[in-house]
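There are 2 protein chains.
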Amino acid sequence: MSDASYDVVGIGNAIVDIIARCDEAFLSNHGMEKGFMQLISAGQANELYGDMGTAIEQSGGSAANSCAGIASFGGKCAFIGRVAGDQFGKIFAHDIRAVGVAYDTPASDAGLPTARCLVLVTPDGERTMNTFLGASTELGAGDVDGALIASAQVTYLEGYLFDKPQAKAAFVEAAKLAGKAGRKVALTLSDAFCVDRHREDFLELVRGGVDILFANETEITSLYQMNAFDDAAGAVRAECEIAVLTRSEAGAVIISGNETIHVPANPVERVVDATGAGDLYAAGFLYGLTSAQSLETCGKLGALAASEIISHIGARPEGSLKDLAKAKGLLS
Amino acid sequence: MSDASYDVVGIGNAIVDIIARCDEAFLSNHGMEKGFMQLISAGQANELYGDMGTAIEQSGGSAANSCAGIASFGGKCAFIGRVAGDQFGKIFAHDIRAVGVAYDTPASDAGLPTARCLVLVTPDGERTMNTFLGASTELGAGDVDGALIASAQVTYLEGYLFDKPQAKAAFVEAAKLAGKAGRKVALTLSDAFCVDRHREDFLELVRGGVDILFANETEITSLYQMNAFDDAAGAVRAECEIAVLTRSEAGAVIISGNETIHVPANPVERVVDATGAGDLYAAGFLYGLTSAQSLETCGKLGALAASEIISHIGARPEGSLKDLAKAKGLLS
Numbered sequence: 001m002s003d004a005s006y007d008v009v010g011i012g013n014a015i016v017d018i019i020a021r022c023d024e025a026f027l028s029n030h031g032m033e034k035g036f037m038q039l040i041s042a043g044q045a046n047e048l049y050g051d052m053g054t055a056i057e058q059s060g061g062s063a064a065n066s067c068a069g070i071a072s073f074g075g076k077c078a079f080i081g082r083v084a085g086d087q088f089g090k091i092f093a094h095d096i097r098a099v100g101v102a103y104d105t106p107a108s109d110a111g112l113p114t115a116r117c118l119v120l121v122t123p124d125g126e127r128t129m130n131t132f133l134g135a136s137t138e139l140g141a142g143d144v145d146g147a148l149i150a151s152a153q154v155t156y157l158e159g160y161l162f163d164k165p166q167a168k169a170a171f172v173e174a175a176k177l178a179g180k181a182g183r184k185v186a187l188t189l190s191d192a193f194c195v196d197r198h199r200e201d202f203l204e205l206v207r208g209g210v211d212i213l214f215a216n217e218t219e220i221t222s223l224y225q226m227n228a229f230d231d232a233a234g235a236v237r238a239e240c241e242i243a244v245l246t247r248s249e250a251g252a253v254i255i256s257g258n259e260t261i262h263v264p265a266n267p268v269e270r271v272v273d274a275t276g277a278g279d280l281y282a283a284g285f286l287y288g289l290t291s292a293q294s295l296e297t298c299g300k301l302g303a304l305a306a307s308e309i310i311s312h313i314g315a316r317p318e319g320s321l322k323d324l325a326k327a328k329g330l331l332s
Numbered sequence: 001m002s003d004a005s006y007d008v009v010g011i012g013n014a015i016v017d018i019i020a021r022c023d024e025a026f027l028s029n030h031g032m033e034k035g036f037m038q039l040i041s042a043g044q045a046n047e048l049y050g051d052m053g054t055a056i057e058q059s060g061g062s063a064a065n066s067c068a069g070i071a072s073f074g075g076k077c078a079f080i081g082r083v084a085g086d087q088f089g090k091i092f093a094h095d096i097r098a099v100g101v102a103y104d105t106p107a108s109d110a111g112l113p114t115a116r117c118l119v120l121v122t123p124d125g126e127r128t129m130n131t132f133l134g135a136s137t138e139l140g141a142g143d144v145d146g147a148l149i150a151s152a153q154v155t156y157l158e159g160y161l162f163d164k165p166q167a168k169a170a171f172v173e174a175a176k177l178a179g180k181a182g183r184k185v186a187l188t189l190s191d192a193f194c195v196d197r198h199r200e201d202f203l204e205l206v207r208g209g210v211d212i213l214f215a216n217e218t219e220i221t222s223l224y225q226m227n228a229f230d231d232a233a234g235a236v237r238a239e240c241e242i243a244v245l246t247r248s249e250a251g252a253v254i255i256s257g258n259e260t261i262h263v264p265a266n267p268v269e270r271v272v273d274a275t276g277a278g279d280l281y282a283a284g285f286l287y288g289l290t291s292a293q294s295l296e297t298c299g300k301l302g303a304l305a306a307s308e309i310i311s312h313i314g315a316r317p318e319g320s321l322k323d324l325a326k327a328k329g330l331l332s
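Going down the list, the protein sequences come from chains A and B.
For the first sequence, my numbering assigns the number 1 to the initial residue and increments by one for each residue that follows.
For the second sequence, my numbering assigns the number 1 to the initial residue and increments by one for each residue that follows.
Derived SDA-like pairs (lysine to any residue); straight-line CA-CA distance at most 20 Å: (1) B/Lys176 / B/Gln166; (2) A/Lys90 / B/Arg21; (3) B/Lys90 / A/Gly43; (4) B/Lys90 / A/Ala45; (5) B/Lys76 / A/Gly53; (6) A/Lys90 / B/Gly53; (7) A/Lys90 / A/Asp109; (8) B/Lys90 / A/Glu47.
The hints are simulated quantities; they were obtained by calculation from the structure and are not laboratory data.
Here the structure is a predicted model, which means the values were calculated and not measured.
Taking the hints into account, I'd like the entire structure generated from these sequences.
Below, the structure is given as structure tokens:
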């Protein structure tokens, strides 16, 4: 795959995170399911923001976080996703370009503001997300640049895009284009409730066009409606070239053909904020894969990136992941 | 002073910080003086932002940071400062209210955007600031609520306000109103270059209306144009009821009448980001003073708050300073 201009092109929602700490009672008082993502309206976003404590703002978005992570490892990345021309849109565009990710999707002028995610971080470091998709939903099949897709080793798609029909169409179009160009398609299931909302469509895509699947334990068991992780892991083995199943502090299981590789989590002193753990795991894995590392090393790079991201607030790396990987002897 | 509704009312620039890491070369390539603040135009801000790496956004502003800190100790605070009605203005207003600070200055409609400060943090944790004042300069004497000033034990003013004539008028008006109401006036000199720009006016205010002066070593020596810290400390003794002179890791010297109290810095594992160190020192000190603590305890509370703020990115406390002070046995 060395003729590719890009290692990875990511497609996803272009979001700015608004991150605040809260206690457990805040979640239950606001009817949130801890650890999950729910979609909210503009009005709900305003109301919830009013109730939240002092916050910080930082660019986010699942696939966008992964792209930023891959770039931080030294990989060549492009991102496709829609912002509006407002302040948050400028922040998103600045931050993703500042880490070296190519980003050229035109800003939406449909009147919806840039997407925001209200992230609540509880004292245990778990994050609970409330997303107003705004301009992100304006992403359409026309935004998917066929030449760009064909020029990347891997097209990486976030499952969250399935939540809006137009974005879903863009998603399916991208998977088709990548397949036609003989490129790999990677997908993250994103969230167990998101899987619940779109199970049949996800299954169709996993069976038809996905080469590399990322999922955590709740997502993969939700996809196959199986209670046991091992059963779901068995089911996915037959359907994807590579499945990367993450289990938080229990590490990850990589399934590929007859192989089953267990990669332990990288220990952290304290989980400060779990936001972006899955996104950065995918970043490390995809960077490894597109630079021809073994699956085990791919898993270790994922675990390393995830451990960096959960040791501080926010879902974008604070330092160079390449330097970190070199210091750990994972890259030369 | 127990008849006061507020412990402290702060008056300052209402700013959102845009914080990014950079190396030493970035500062010199952009002609910045490390560790200081310079004022920049909207155009310069756009250009510099384009050159900066991935950033986070967080509410800032010197006196506003102090108010947030006092509130985090459990103090009653109000803040006066101007934002615009834009996204950054909403962020600023949300964050200061979210920590319990009363904030009612109407947003400016003069067309200038909310002030922003581009903060560059070098690997040593030092911060270098580039401020576009925007709507902050629209603060005028009419925004200074006499009843509010009269209802607070201390009116706290940031020297940065001197950089614009209209804000300076508001500043002088506030000091007068506080004096008339028999309340205390506190001033921070803010920045050595700011002192340079307005030395005579600062000296007049320090001699005429300031009861409590906050300054670091470069600021106090700049004010009196003396090379030696001890000489400057001697000069200020005759002019203010209390002078709080901070010297980074060398701790602080509190001067009051014949008393000279040395308070060591609170040790930190690593200086992650020095932004807000002075603001939070002032917060701890003023919280102590308005809750009738000894000057030494005031200094220790200042050192504790400063050590919290420099151990993470951003100039707003990450947790409750009251809880932290209790854990250290400084408050009961």
